[in-house]
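**Student:** Listed below are the residues making up each chain.
Protein chains: 2
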Amino acid sequence: TTLGQARPVVGSHLRVGEGLLPTSAPPPQLLHVAIVCAGHNSSRDLNTLVKSVLFYRKNPLHFHLVTDAVARNILEMLFHTWMVPAVGVSFYDLEELKPQVSWIPNKHYSGLYGLMKLVLPGALPPDLARVIVLDTDVTFASDIAELWALFAHFSDKQVIGLVENQSDWYLGNLWRNHRPWPALGRGFNTGVILLRLGRLRQAGWGQMWTLTATRELLTLPATSLADQDIFNAVIKEHPGLVQPLPCVWNVQLSDHTLAERCYSEASDLKVIHWNSPKKLRVKNKHVEYFRNLYLTFLEYDGNLLRRELFGCPSPPPPGTEQLQRALAQLDEEDACFEFRQQQLTVHRVHISFLPHEPLPPRPHDVTLVAQLSMDRLQMLEALCRHWPGPMSLALYLTDAEAQQFLRFVEASAVLSARQDVAYHVVYREGPLYPVNQLRNVALAQALTPYVFLSDIDFLPAYSLYDYLRWGGGTRRTPGKYVVARETSGPHLVLCPLLLRRYHEWPRGHAPTDYARWREAQTPYRVQWAADYEPYVVVPRDCPRYDPRFVGFGWNKVAHIVELDAQEYELLVLPEAFTIHLPHAPSLDISRFRSSPAYRDCLQALKDEFHQDLSRHYGDAALKYLTALQQPPGPA
Amino acid sequence: TTLGQARPVVGSHLRVGEGLLPTSAPPPQLLHVAIVCAGHNSSRDLNTLVKSVLFYRKNPLHFHLVTDAVARNILEMLFHTWMVPAVGVSFYDLEELKPQVSWIPNKHYSGLYGLMKLVLPGALPPDLARVIVLDTDVTFASDIAELWALFAHFSDKQVIGLVENQSDWYLGNLWRNHRPWPALGRGFNTGVILLRLGRLRQAGWGQMWTLTATRELLTLPATSLADQDIFNAVIKEHPGLVQPLPCVWNVQLSDHTLAERCYSEASDLKVIHWNSPKKLRVKNKHVEYFRNLYLTFLEYDGNLLRRELFGCPSPPPPGTEQLQRALAQLDEEDACFEFRQQQLTVHRVHISFLPHEPLPPRPHDVTLVAQLSMDRLQMLEALCRHWPGPMSLALYLTDAEAQQFLRFVEASAVLSARQDVAYHVVYREGPLYPVNQLRNVALAQALTPYVFLSDIDFLPAYSLYDYLRWGGGTRRTPGKYVVARETSGPHLVLCPLLLRRYHEWPRGHAPTDYARWREAQTPYRVQWAADYEPYVVVPRDCPRYDPRFVGFGWNKVAHIVELDAQEYELLVLPEAFTIHLPHAPSLDISRFRSSPAYRDCLQALKDEFHQDLSRHYGDAALKYLTALQQPPGPA
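Chains A and B, in that order, give the protein sequences.
In this text, residue positions in the first sequence follow full-length UniProt numbering: the first is 1, and each later residue adds one.
In this text, residue positions in the second sequence follow full-length UniProt numbering: the first is 1, and each later residue adds one.
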């Protein structure tokens, strides 16, 4: 019997024709995986772990995620927008389960979350008989079905499958007076666990571990390795419960690991476990190999995992059928095919990619909303200096770029210091920049009553945040009009000025009337006109941007039309302005400038927008079409 | 016997402790792979194929590449700089082998190259007994050792392993008068072949296929599917030669494929074959699945495949030992650790990433040399308009960005039309922009006697190319001084002017003396001064850039010092100038501006540069150090 070596067995009796059809197999089994996940950073780890599992899997999977509110928020959005076929997700509230373990004193870096694995038999659905439990810091290098298959080797009494601990910790000889929890030999590591839930429940697991833990805690001050100490103490007492698993299923890269004894002769590592608090920076002579494996999935384009499984009929993820129908109806010969395809693309979204701790809500607070891609990253520091308030930024990145972004923020003292800037990663897919989809993601995540809808190459005046937020006591505050009017009556829009842009695109800012603005002491009302695209402050519940406008052109103009159609009042504030920074034209703009087809498509999109506008607003919308057909008047 | 399904076999007798050590296996066998590859596009395909093979492999591999001069040039550099452990490469000259097959009339899109597979038994080393032969348009989804293992199932007489053809082509009923070459049933596809070379040679393979082909060509006008027709005709005559392989080892995605009969019930596809001339655009109801698999490797970061194999002692690739020693000597606590690590990084280089057909060499011709990353792609069209001559450009990209770049060029009429622009992809690795390494790659690939060393955000004057190339007959040509002086006596440098830059960084251009330049009618000589960094035209064999300068700062200055130290004469040409385009600061510059540590490291690098200079040039180099220590004089 060779462990961890799998070679295909092929009969030499094959004849022509037989080769075409493989032996048919029953549809692959649904496998269940449970993971405890809390906070922003663990959510990123979980994303990487899930990518590695999905890459190799050939079975439908169901993830049971025990999460805090932060992780749930992030992961619900992630899985919802990921739309991976044959993947189900359930969430369980970590806060509800906490009291079951919070009485246990614990010194491990994973905190209470590790201990949560003890209560899974009670927390997961009662009809769930088997589950693979994973730490967020493991990476798969093989098909998880191979791990699941090890359940078949459990004897009737065995209920927990574990890999031996690959360090001498539990031998208790690491230093003088080192007193670890009791364990069988080297003990077991709980980064990867196979649980027979049904049998555990029958065996009274909850009582079993509670008793053991209580007894040990009479003489030991706390758990050192969280749940792992308790699992080992229970197993020491009931060795018949455990089915040891081959070491390759949990290759442990802690600091003084003995893992080399496992892998030195194995060519086939199945699961890598980064069980050192140093994670990727752990010192280990083969760490480069493991790191590459990890980086593979860290940077892997998760969109590519949206592939269907063969021989695995499963209901499509919610929304996909409708989407596929819409995509199928597109005409590939249509010159605007690329635009329409881009509009229909559902982007994977990872909200709050970095730790984010918004301040308690303040009345009249304003969040700056903007979007960017990699080539504008260097704007972030200046933006942080100019806008001391909350921001909600959508970043359009590949999985690999998201990692570069992470390093960029870590290296910047200015950015690291800010807890009130939320970064939402929207993963790239398709050839055109989905500017309005990005804006909508950032807008939806703003938490303050007001939002300042900006663009990444604009720097707000230093005073703008305080000015908009109604003064802060010391300043003259025409901004009060904003707030006063908002609560009752019509909506309202501010128009911070764009000095530089005016010269480039006068029609886009003509109604602001700069001559008047320069002299104004109080806010004044202006009328909408064709192609007007001021930067505005609006209540958070304002209309969303129209996602049909992708790439360059008319994306903001359409939004202002929508605001006007909904009778938002357009007010120019005398002290508000924002500064345009020059930059090289983006790829999408270059394309627009050089391609007549691009301009034709934009015209087609505008026409469709106006048709929809008429459908929604009736005759009132006629003015927008009429205005567009007239040449611009004197500004 | 189940084909294509591999589950681990695990004994249930495992006890604690046994799990730690897997059964030890003999060191993995060296596997041989032969591929025919010609031209720029096939070289890119081969890169993707190799990435898919390396991703899953656990054995040492040797690639036998039958190439034309273009592919050899590209692939030698690629493998040399890739430095993948346990991978060997041998090249075989396609031109030498061509006469053996060029007599065969052939209508297939793969041209003569497909036929080349017939002559492999004679072309590969006589002691090589087995080889896997692959088309460049296949993608692996599994470990190639599993394919190699099928050799074990060959009977004594079987010499060729093949998968059945997954179309009705050879049944001869596709259209009226469709007369395919003879085949057994549906025949076999030759995208994936297992060859027992020793036995083929013994069996007189060369004569065997030549006779069959000659005979068939008496009644058939040409091969339709190149080598595949001939392999099938031989097999029809000698059915005992073939070992049919399971269909999953060559899932064929041609237009009317029957492949679904293979994969509809298999969860385990091993090799995908894009055997339609439409490649990824083939219509097939599951093509999305296959495309994702292909894109996975197309965009996969090849650097991650530089990992060592476990249980596989193999000599490290040339140069790695020295490199690893140097890396090991670096001090992680050194503030400049990142800089030094970046300098030592060997970047994977894919020269001539796109088809490139340089004009025949002309005397005094000048190649524009520059480097860029993704955020400057939109400069390329303008650059092409301004510089009608040859260019050699190094692009610093990830594997995924290289594909975006490809689509960008395809979408641009201006760029697609140019055959004299060579694009060399240098794959990203590390946090700092290796500006001088990039310049050296582009410089090394210039084919003309002179090079104009430029930067991507500078547009040459429209006339500059002709002016530098000695006038083209119609123009006043002070440039002739350049050429006249170059052949004998000291080297020589031109200093095209940078109008805009002068104001930003006057010290960098002071010696050019703009007042004099504006009036000058003939070239004039200037003296080197501290921090001088003009843009220059020099003979191609000029000194290389110093790769220690990474990121921003002093990278060009050091090169000019080196030119001066080697007694290049500095001449300013009256009509030459180039225009700086404004752009957002790059990430590296932002970092430089905000980080004192960055500036300190740059100073350390400068100091080391001067020490090396003294070592090379002795007392003569003292002036550079002295100049640096003095405050700048009046410009």
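Hints were generated in silico from the structure; no laboratory data involved.
What you are looking at is a predicted structure, and each value in this text was computed from that prediction instead of being measured.
Treat the hints loosely; a few may be bogus.
Identical chains blur together in the list; that is why a pair holds if it fits in one copy or across any two.
Stated by the list, open to error - Straight-line Cα separation of at most 25 angstroms, DMTMM-like style, residue types lysine to aspartate or glutamate; simulated pairs:
| id | residue 1 | residue 2 |
| --- | --- | --- |
| 1 | K606 | D455 |
| 2 | K58 | E260 |
| 3 | K236 | E288 |
| 4 | K623 | D457 |
| 5 | K157 | E146 |
| 6 | K98 | D255 |
| 7 | K58 | D301 |
| 8 | K58 | E288 |
| 9 | K107 | E260 |
| 10 | K58 | E146 |
| 11 | K58 | E96 |
| 12 | K236 | E308 |
| 13 | K58 | D334 |
| 14 | K623 | E567 |
| 15 | K58 | D268 |
| 16 | K107 | D93 |
| 17 | K98 | E260 |
| 18 | K157 | E410 |
**Student:** If a hint holds in the structure, say so; if it doesn't, say that too.
**Tutor:** Each hint tested on the structure:
no. : hint           : verdict
1   : K606 with D455 : within (21 angstroms within a copy, 40 angstroms between copies)
2   : K58 with E260  : between (29 angstroms within a copy, 17 angstroms between copies)
3   : K236 with E288 : neither (35 angstroms within a copy, 51 angstroms between copies)
4   : K623 with D457 : neither (31 angstroms within a copy, 45 angstroms between copies)
5   : K157 with E146 : within (22 angstroms within a copy, 36 angstroms between copies)
6   : K98 with D255  : neither (30 angstroms within a copy, 57 angstroms between copies)
7   : K58 with D301  : both (18 angstroms within a copy, 24 angstroms between copies)
8   : K58 with E288  : between (28 angstroms within a copy, 16 angstroms between copies)
9   : K107 with E260 : neither (27 angstroms within a copy, 55 angstroms between copies)
10  : K58 with E146  : both (10 angstroms within a copy, 18 angstroms between copies)
11  : K58 with E96   : neither (34 angstroms within a copy, 46 angstroms between copies)
12  : K236 with E308 : neither (44 angstroms within a copy, 38 angstroms between copies)
13  : K58 with D334  : neither (37 angstroms within a copy, 47 angstroms between copies)
14  : K623 with E567 : within (13 angstroms within a copy, 73 angstroms between copies)
15  : K58 with D268  : both (19 angstroms within a copy, 8 angstroms between copies)
16  : K107 with D93  : within (23 angstroms within a copy, 65 angstroms between copies)
17  : K98 with E260  : neither (36 angstroms within a copy, 50 angstroms between copies)
18  : K157 with E410 : neither (49 angstroms within a copy, 64 angstroms between copies)
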